[in-house]
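Trainee: Protein chains in written order, with our numbering: chain Y, 6 to 135; chain L, 3 to 187; chain X, 5 to 662.
Fair warning: there could be bad hints in the mix.
[What the hints assert, rightly or not] Simulated crosslink set (SDA-like; lysine to any residue; CA at most 20 Å straight-line):
(1) K388(X) with T99(Y)
(2) K136(L) with G52(Y)
(3) K388(X) with R66(Y)
(4) K388(X) with A45(Y)
(5) K388(X) with S65(Y)
(6) K136(L) with T54(Y)
(7) K161(L) with G101(Y)
(8) K155(L) with T126(L)
(9) K388(X) with G70(Y)
(10) K388(X) with V51(Y)
(11) K388(X) with G101(Y)
(12) K388(X) with A50(Y)
(13) K136(L) with A45(Y)
(14) K388(X) with G52(Y)
(15) K136(L) with A50(Y)
Think of the hints as simulated: they come from the structure by calculation, not from any bench.
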Amino acid sequence: MKRIRLVLAAVIVAGALIYLIVGGIRGAIVYYTTPSELLAQGPSAVGRTMRLGGQVMPGSRRWNGGTLDLRFTLGDGNATVPVIHHGAPPDLFTEGQGAVVEGTLGADGIFTARSIIVKHSEEYRPPQSP
Amino acid sequence: MKLSWPRVWAGIAVAAGAAVLLLVLVFGLHRDPKAIPSPLIGRQAPEFVLPLFDGGTLATPALHGRVVVINFWASWCFPACYEEAPHLQRIWDRYRDRGVVVVGVNIQDQDRPARDFIARFEQTFPNGVDRLGKISIDYGVYGVPETFLIDRKGRIVHKYAGAVTEETLASEIEPLLADADGASP
Amino acid sequence: MMAILGFLSLILAVGCAAGGLVALLAGRRLRHDPARAAWGRVAAAGLFAGVTLAVVMMEAALIGFDFSIRYVAANVNRATPLLFRVAGLWGALEGSILLWAWILAALTLFVAVGYRGRHPDLIPSVLTVLFAIALFFVGVMVGPANPFTRLPVVPPDGRGLNPLLQNHLLMAIHPPLLYAGYVGLSIPYAFAMGTLLSGQHRDEWMTLTRRWTLVAWTSLTGGLLLGARWSYDVLGWGGYWAWDPVENAAFMPWLVATAFIHSSMVQERRHLLRMWNVSLVILAFLLTIFGTFLTRSGILASVHSFTQSLIGPVFVAFLGLVMVASLLALLARLPQIRDEGRLDSPLSREAMMLLNNVVLLTMAFTIFVGTIFPLIVEAATGAKVTVGPPFFNRLFVPLGVLLLMVMGLGTALRWGRSGAEETRKLGWLIGMTFLTVTALGFAGIRGAGLVASGAVCFMTVAQVGEYVRGALARRAATSESFPRALRSLFALNRQRYYGYLTHLGLAIVITGIVGSQSGRIEVQQQLLVGQAMQVGGYTLRLDGLVALPGADKLVVAAPVAVFSGNSTAVAGSPGSPGALDILRPSENFYRQARTPVPTPAVRSTWRQDLYVVLMAFDPAAQSAVLRVVVTPLVSWIWVGGTIMVIAGVLAGWPSRQT
């Protein structure tokens, strides 16, 4: 009798746990997309938090020091997505290089980035030449 | 060891869980989590004219029909460029008669140290200087060393960031050589 | 020269580990054979000598700029300061494995020599396990992770440490402390496995290893604390914990080790939870290996990740081997670790300990799922996903509250059945908590913060209550003064009263965490030199842009004068009286790095931290972009954490009785 109660309690606890975890994860998964994939999703992509990765298109970077608005375009060779981010560009951020942003796509087609995660690569720099 | 059913079941359950976990981890080893697919993969490799250390120039249109390995390097890039230099030379020795060209592009460097580097490693493949940095910008080169593998049709097939090894390059070059469509070697 | 000697030392180490393993296994039939134990000692000494020599060679190479060795060329350059050359030993993959092996070899030698002549039926089995583990780690260094690999041509200079790792003194201490904790957990594991393998004894292993476990736990706590502090001081986002896979990898063994420390008390007292404890210690050890694998294989992107290498498959294989071996041993010896007796009542200290184990393991499981999930999803569907901090934060709030309640109850209740006194204690506890929660509610704290505060209060009052009760009882018995009575409590029962102190430290930490998560203010603004901005009760004025050349870097600092109050009129001219402080956030341009590393400037008070980062600057326009974060109660985390570590150290301090 006691054994059954114990097993029942364990099952209930385990069930509650799984419910919490599954529910929690579902709300916190952030999918990674590329500009082509994002555009292909159409209006269903609006409002969902996701990560967008691509190349910072050369010539697209606009930085307004007064409003701290950073605008640029991410592309993957087939499609481009305009991005806006509030805050100074991270140090690794340059045109022509890869970048991943995390944020949401607005109804106007502009991706509002809450954070910019720049691709971290081996860093080298020549010594100051005489 | 008494084999009672609950015990067996418990053992099986844990073993199964462990096996699944290990499989997932093994899978994880085959992916590069930091890889953002380079937009250049699959595109035509940008053409350029490279002034060589030995004098003269190398123009990439002349390389069409051959498999090309373009390696961006610098003499101050320790230790990775020093690690991979012998491997690149060995690839050149091994495949030059089979229609593969290794091209070294020296960037952000000085003449004397670059020539010393080439001499120390006894490199014999074409090696030149990207004086204005235009070639590295076209290829989206961010750091050194970076190596690009280009097939016979001039498409960029692979990009390596960091030191490459002879085995890695060879394993990727062989299928490209076997690919018999397009121009002859 | 050093490379060759170093490599040969590692070969020696492998030989000794293998030899010791073989000798001990071969002599298993002769249970009490002194020769067998002697061979074990010799092998342990050889192992330690070999690894120590390798460490000495590597340090000599690092300090002496021997760039013929690839590891040195990758981690040190001519401008690296001496401290960071020494610390370069644990700066990257192969070196950290060397450090791990060294600590393990030292512990193995200690076990072999320190228990000489005692427990002759247990120690050889323990050493067998230790030699097997050591064989893996030194074997890996002779194979895929050779720290002494040479370069074909000696480069004139090296690359140097990642600037992020060179920016802070804590870099020197955090990894060894963490590894000491990781490796320390091998000892209770080896003793538990030794017990299973030898089929002897049932509880001895736990008493023998109690101090080891405590030392390992304290090191892990210190390592985690330093890691969080380093993250806060260096990474520039104003936070201290990001649920990064490598952070998670260190947190999981800590949770399991904490659970183990508590349930081992139950086993010592009531001889219960035997199988539970053996399983826990196996799990803790597996998690340290798993954590090492996560950090070093590069399968999950992280601030910490060392680059990918061949180490991955080797570690998976080892992990699998350890899992299978431990499971088999456990199943084979199930009768040996059967419990006698059972839990008397749900309202007892042992029941609360078991419950606390469940909560802690749930936390560890949550972290595990969250960390592994991206891999599973990608394996199943091919989609790349990440699991962000909201998942962990959301789950840890209810779990944390639950844990605090259980801690409070466990402290108040006693071993065995609880009686009238416990009921009175509980009543008192509930009453005090209710009063505090009401007061806080009136003060404006709401929602999750209020619940958390209530739980912290519950737990804290329980600890304080025990101190007061104990001191009063002692005073009544011996007529000592209250302070003296309180002090003698610690001497009488270290484990218990330093344990309560650790709980109090944790309460302070949790208060700091709760405070820093709510009420955080972050603002970014561009300022011209001389301009001021207002953030959360402070006025900050940019006073200039200064360039300071250094040995291995160029530092650009932006002195910022801080005033309290929200008035720009207060910020008169540079250097005007009334400035609370002058903070100097800076950007460091290292020789070998393409991009600068920002160093935040922090002003801490017990109430809040003012955190300023120089994000960008323009020397021509004399302007700078500053990120300013005001976080309440952050310093409580460091203070509370330090108390926990001190309590852990003092609890394990050798006393005259031992």
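Trainee: Which of the numbered hints are not met once you compare them with the structure shown?
Mentor: Failing hints, ascending: 1, 2, 3, 5, 6, 8, 9, 11, 13, 15.
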